[in-house]
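Line by line, the protein sequences give chains A and B.
Okay, so the first sequence: first residue is 1 according to the working numbering, each after it adds one.
Okay, so the second sequence: first residue is 322 according to the working numbering, each after it adds one.
Calculated from the structure, these hints are not laboratory results.
Misleading hints may appear alongside valid ones.
[Stated by the list, open to error] Here are some, though not all, of the chain B residues that point toward chain A, as calculated from beta-carbon distances under 8 Å:
id: 1; residue: Arg387
id: 2; residue: Val444
id: 3; residue: Val448
id: 4; residue: Ser562
[Said to hold, decoys possible] The following label-pair restraints were derived from C-beta to C-beta distances:
id: 5; chain 1: A; residue 1: Asp190; chain 2: B; residue 2: Leu454; range: 36 to 46 Å
id: 6; chain 1: B; residue 1: Val375; chain 2: A; residue 2: Ala131; range: 43 to 53 Å
id: 7; chain 1: A; residue 1: Ala292; chain 2: B; residue 2: Leu577; range: 41 to 51 Å
id: 8; chain 1: A; residue 1: Thr28; chain 2: B; residue 2: Leu454; range: 35 to 45 Å
id: 9; chain 1: B; residue 1: Arg382; chain 2: A; residue 2: Gly167; range: 42 to 52 Å
Just so you know, even glycine gets a beta-carbon here, dropped at the ideal spot from N, CA and C.
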Amino acid sequence: MKALAALAVAVLVALPAFPSVFGSYAVTLFTLIFFYGFLGQAWNVVGGYAGQLSAGHAAFLGVGAYTAALLSVERGITPWVGMFAGGALAAVLGAVVGFLGFRFGLRGFYFVLLTVALSEICRILAGNTEAVGGALGYYISFTGNPRQFQFQDPRAYYYIALGLMLGATALVMWLERRRFGVYLAAIREDESASEAAGVDTFKYKMLAMLLSSFLTGLGGTFYAFYLFSLQPSTVFGIPLSVEIIIRPIVGGAGTALGPVVGSFILSPLAELSRHYFSQGGWHGAHLIAYGALLIAVVLFLPEGAYPRLARALRRRTAPTS
Amino acid sequence: MAVGLTLIFGVMRVVNFAHGDMMVWGMYLAWLFATRGGVDPYASFVICAAVLFVVGLLVQRLLVQRIVDAPHEMQILLMLGVALVLENAALLFFGPEPQRVRSVLAQATLWLGPVFVDVARLVTFGVALVLTLLLSLFLFRTDVGRSIRAAADNPYGALVIGTDVRRVYAVAFAVGAACVGAAGALVAPLLPFQPSTGLQLSVASFNIVIIGGMGSLVGAFVGGLLVSVAESLGAVFLKPSLKELVSFSLLVLILLFRPMGLFGKRAS
């Protein structure tokens, strides 16, 4: 298993070095796979491990994106620093969401509604603040200066997204083995029982939320300086939250490799179908596929693709059982 | 009109993310009937309700039925999937342009004393009111209705006394979808719609239902009034584009301090 993973990482790092086999479209595709894998991993901390279904993660991404973009354009502060400011602000918002949701004991559907409502509030506020471009959005002019997180070469974005995804996955794998990860799993499986067993559920849910929103905020910087334009309805919208959630769910929420597997399944599907269907005037077809896949996963594969895959692999490598 | 709509949403106990999209399908069906067959939406809403009844029955029987016992989160995700399919199927078939259904009644207006009333709105409100009355009669006076309420209250107890709970769930879900379909057809002449309207409608209806209290008729009525008054006040005192902010803030407050809603019973 470990050798396999190391091989996979080595291949991913080496791939863009061969531009002849690896065209620019593939670089874009893989960049998106890594980036959404990273966002899914960030969501996974609170949504997968702690089992708190947040449907408003777009808000954290939006806050991070706007913060880094504004600091860079208005104040000249490099996004390499601004991304941490964005992450910190997103974590502050995460603390607000977490405090309200967890202190007031909102569970299940009510927690989902709270996160949706708060991200919608962010969307409306951003759309009505002229200083950040209002409903028209905020645009960053391209300079190609690496110190401003802008690169001529799309392969730079490839490596950054890969780094983000691997970093977040390593962090989650590490946490999984710590007491923290075990507590989160206990909270997910039976909150009342873990509380009775002496776990400070509020504290650990808050920590998970803070970490998750901070990471998502970091991702916001990448989003801003990869696309160079921010619209409130896109960056804070419910559809983006769905994009963030669906990958870890399909791949396997609450497992370290689930979001990565999910992103490798869904991102190419989304990109290719968007590409081909919109050429044929078939708008929305890729989202129909998403919906159908989500239904299928809930019905037939509620634990996600990765656990199934891991079992199949284990059976192949250890045929004695 | 909002109130009439609210009533329908409020009585439904199944809160699902696909409601708004089912409503949009009701609108598009009415639009199809009006443009292809020349049928006025105030007549075709019956057919729309029937079609959506079947759709609701199918969704329940084929999908929801399988995971009734699964955690709440899985049901939310499932309905999210259904919502995605429905919304984008509408996008695929009807395109992203906003549509509007014309009705003969929409041009007529009426003076009620000093008040100037739009006949279409009046009829929509009237039909919605009648539908709601019929629905509450159905829920409170018929055997099927009684078993729906029993199953919602205590599925196990209902099962013990011999209720076919699975069938009851299917009927309740289908009736809910039919109501939403009828509502869609009735509202179609009043506001322009496009596939993405579904999400807004779902969110707005959650707002109203949560604020009023789930499963409460009075609550739905008051919730609808409260939301529309608060939004109008917000539009006057702040900015028209900020009016949604008021209702979302209201939703957050209600969620925190009275999650059962203003008129809801305390849930176990």
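Now the hints, each set against the structure:
1. A least Cβ separation of about 6 Å between B/Arg387 and chain A falls short of the 8 Å threshold, and the interface hint therefore holds.
2. Here the hint on B/Val444 is broken, as its CB sits about 32 Å from the closest CB of chain A, past 8 Å.
3. Hint status for B/Val448 relative to chain A: violated, with the closest Cβ pair at about 30 Å, above 8 Å.
4. For B/Ser562, the shortest C-beta to C-beta distance to chain A is roughly 6 Å, which falls under 8 Å, so the interface hint holds.
5. One distance hint, 36 to 46 Å for the beta-carbon pair A/Asp190 and B/Leu454, holds here, with the actual separation near 44 Å.
6. Roughly 51 Å separates the CB atoms of B/Val375 and A/Ala131, a value that falls within the hinted 43 to 53 Å.
7. Checked against the hint of 41 to 51 Å, the C-beta distance between A/Ala292 and B/Leu577 comes to roughly 36 Å, which is inconsistent with it.
8. A hinted range of 35 to 45 Å for the beta carbons of A/Thr28 and B/Leu454 is inconsistent with their spacing of about 57 Å.
9. Against the hinted window of 42 to 52 Å, the Cβ-Cβ separation of B/Arg382 and A/Gly167 comes to about 46 Å, which satisfies the hint.
The structure shown violates the earlier hints numbered 2, 3, 7, 8.
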